[in-house]
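Enquirer: Take a look at the letters that make up each chain.
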Amino acid sequence: MMTAAIVAILITMILALVRAFLGPTEYDRMLAANSFGTKTVLLIALCGHALSWHSYLDVALLYAMINFVGTIAVMRFFENRKDDGKVETGEGR
Amino acid sequence: MSLLIDGLSAIFLLAGGFLCITGGVGLLRMPDFFSRVHAAGVTETLAAPLLLFGLLLQMEWSLDMLKVLMILIFVLATNPTATHAMAKATLTGGQKPLVADDAETRGEDASNS
Amino acid sequence: MLIAIVAIRMRDLFGVVILFGVYSLLTAVLFMDLDAVDVAFTEAAVGAGVTTVLLLSSLRLTRRWEAPPKHNPLLSLLVVGVTGAALVYATLDAPLLGDPNAPVHKHVTPHYIQRAAEEIGMPNMVTAVLASYRGYDTFGETLVVFTAGLAVLLLLGIPELPKSRPHSSAIDDQVVLKVVVKLLIPLILLYALYVQFHGDFGAGGGFQAGVIFATGFILYEMVFGANNAHAVMPPAWLPRLAALGVLIYGGVGLVSMMAGKPFLDYSALSGDPVHGQHLGVLLVELGVGITVFSIVLLIFYALSGRKRQP
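Chains as they are written, first to last, in the working numbering: chain G, 18 to 110; chain Z, 18 to 130; chain P, 129 to 438.
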């Protein structure tokens, strides 16, 4: 049963990667990367238990945080690029 | 008793896995960014707790169970927030959602065929 | 590897940054599979997290699309191919991964593995080797991080922020995001402290903890704006904190010397040698954590404060 769930997560990761390669706009790529990250957290948690890795839950929790911060960073990147021609000083970030 | 726990865990894992794949397929097949964000966000936010509950039921009593609970709470808190923030940022960035009124020609084609 | 090839061929630098984050992530999973948890931890925290954020901050300052190359790459491809083939040929002679008869497993490694528990008293062998047996190398690493931060400070500097903020950005009306992030940042910082002090027993240590701590502050700056972030952690403090971390590390070594033992011999720090080892490892990991935190945050402040050149 665990194996079935792990295979399902792997399939979803591949689908998200395909969207990351395809996605016409950058927002699609951002969404796909966020999905990939969430699935990785689940993959580490399930695989770690099945394969008896050490301290796998610490890594999973860490990656959940990092994924969130990365998604916010990408959003900020876009928001600043959009103000390109309009204002030359912003709040600096 | 352990058969009950194993069965419950299997149900949770299967349901979580099915929802994951549904989200992935939705990510690929939906026509527009906003529908994709909806598909991915909803299914992921439900699939993660289901899978983690399935994992929790299979573990022995230890500190690790508390860590799995923490991961669960964290994902449950941040995944919808990230989805909402992405959708809002995209809307502010200028993307418009694909609405049925825009696809009038599509409606005519459907009624013609 | 497919991701690496696509990342090299892509011209869109933003896509390259995202792909590097994904690549880093897969490498972290691979490290977990090889049972190298501390390395996976650091790879996930640094490669997928901080590096992506820093690369995006610097990408903001330059063009997004890579200019096509001006020269014919055939000669460089030939050189790289020949060198790569020579290296692969050299590795054919190397022992298999994990072979117990390999020379690297015969020299000091059995000593570390067998004696770490009784000499240092720490379940996590990686921290024992990193902070105690090879403490001098780790001191060098900390100094390297410190020097990198100095270089960034000299080249870029931390710009003064304008006092007024004339336009409100899209992230200002993200109320949900602000509320949730306000609740999450204390948890992230708490997790960083857990990783710092739990490094003796599980995966963790100073480097990872410093990076996670900096990530909390970076998240704060991204969501609440640079003015608030500079009010919370003034940039003038960061070089001082970095120096403090290095001084703590070196100071522990000097105290050992003053007690008559060699530099960085922690058994001199207390009556009972094992207790001295614990104390020494605690202090040096603290020094490493402080330095890494302040340097990562310094680099982020330096990159994010610059206005885009029009």
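Treat the hints loosely; a few may be bogus.
Only pairs whose alpha carbons sit at most 25 angstroms apart, straight line, appear in this in silico DSS-like list of lysine-lysine [what the hints assert, rightly or not]: (1) Lys-306(P) - Lys-105(Z); (2) Lys-310(P) - Lys-84(Z); (3) Lys-198(P) - Lys-105(Z).
Calculated directly from the structure, the hints in this document are not laboratory data.
Bear in mind that the values here come from a model prediction, so they are computed numbers and not experimental data.
Enquirer: Could you work out which of the previously given hints the structure breaks and list their numbers from low to high?
Expert: The structure conflicts with hint 3 only, although it agrees with all the remaining ones.
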